[in-house]
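Participant: Given only the sequences and the hints, what does the whole structure look like? Please build it.
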Amino acid sequence: MALTGFGKRLRELFQSRHRDAAFFEDLEDALIEADIGVRFASETIQALREAARKDGIDSLDGLREALKNLLRPHILSADLTLVPDALNVLLVLGVNGVGKTTTIAKLARHFQKAKGVENILLVAGDTFRAAAIDQLRILGERLGLPVVAQEPGADPGAVIFDGISSATARQIPLVIADTAGRLHTRDALVKELAKIDKIVRSRAPGPGYKKILVIDATTGQNSLAQAEVFHKAVGLDSIVLTKLDSTAKGGMVLPICRELRVPVSFMGDGEKLDDLRVFDAELYMSSLVGES
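Using my numbering, read the sequence shown as starting at 761 and increasing by one per residue.
Incorrect hints may have been included.
Claimed, not checked - Straight-line alpha carbon distances no greater than 27 Å define the calculated DSS-like cross-link-like pairs of lysine-lysine that follow: (1) K1003 with K1032; (2) K955 with K992; (3) K1003 with K958.
To be verified - Label pairs and their in silico Cβ distance ranges: (4) D845 with E911: 26 to 36 Å; (5) D839 with E911: 30 to 40 Å; (6) G904 with P844: 16 to 26 Å; (7) R902 with K992: 29 to 39 Å; (8) N982 with A807: 47 to 57 Å; (9) R809 with G913: 15 to 25 Å.
Just so you know, the hints here were simulated from the structure itself, not pulled from any lab data. No experiment lies behind these values; they were computed from the predicted model shown. C-beta atoms are modelled at their ideal positions from N, C-alpha and C, and glycine is treated no differently.
Facilitator: Right, here's the structure in full:
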């Protein structure tokens, strides 16, 4: 995993400074700039100062390891597994522009290649954007997968209902459904998603139903506010972090996991269908603090 922008800065900081007041101040600034948040960064650096004093940590390597130990409990990860002999429904959520529709195709490819799931049904539940419907149809063709879709403006709940009904009739074990990322108001978005959630629960009850939030790693602290809205609407089960390349800071995962207790399952670092990787918390942590 390539270093995040914050990871590169932290590596330079650890290589160039000694443990003094200015070092800790610069480190706190770096954490804030990495989108971890002001309060979280302040608490972490205060704890790091105390650990350094209490345990007599003098080396920069020791401080880096102590920082990892402070941050590690807040990184939550979970393998997104399917329930055997049951209908699994992945409801994919996220605001427009985060790469949601592409992520659906990447998830399908993952389950095809890594899990050997041959029968997958895609559902174009974002009926507010004609481009999203067309894009999912094209991606479905590339993957050799059926896509349930209706005309733009159709009731998204009805489209997802039809998709689940079709999968049930055809004994397809996995449905991956797109959803709208933006309505006129936040209340409208929450209301629409709550309606869809109720439909899915009625048609596919049980642990096979998962709500997946797609987060753009370049979004910054606003991603926490996004996650809070979607979590309030349907209750999130997992996060997919997209656009995690050298330009992303990547730190927003920490406050989301800490505040909402929602784990990360995948990270994307490219535009190809195979550019989706199972989230590795230790690898992410090493990149974040400038080790790899």
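Participant: Hint by hint, say whether it matches the structure.
Facilitator: Results for each hint:
1. K1003 with K1032: holds (12 Å)
2. K955 with K992: Measuring from Cα to Cα gives roughly 13 Å; hence the hint holds.
3. K1003 with K958: violated (31 Å)
4. D845 with E911: 26 to 36 Å: Holds - the Cβ-Cβ distance for D845 and E911, about 35 Å, lies within 26 to 36 Å.
5. D839 with E911: 30 to 40 Å: Hint holds: Cβ distance 37 Å, inside 30 to 40 Å.
6. G904 with P844: 16 to 26 Å: holds (23 Å)
7. R902 with K992: 29 to 39 Å: This hint holds: roughly 35 Å between Cβ atoms.
8. N982 with A807: 47 to 57 Å: violated (26 Å)
9. R809 with G913: 15 to 25 Å: violated (57 Å)
This entry does not satisfy hints 3, 8, 9, going by the numbered hints stated previously.
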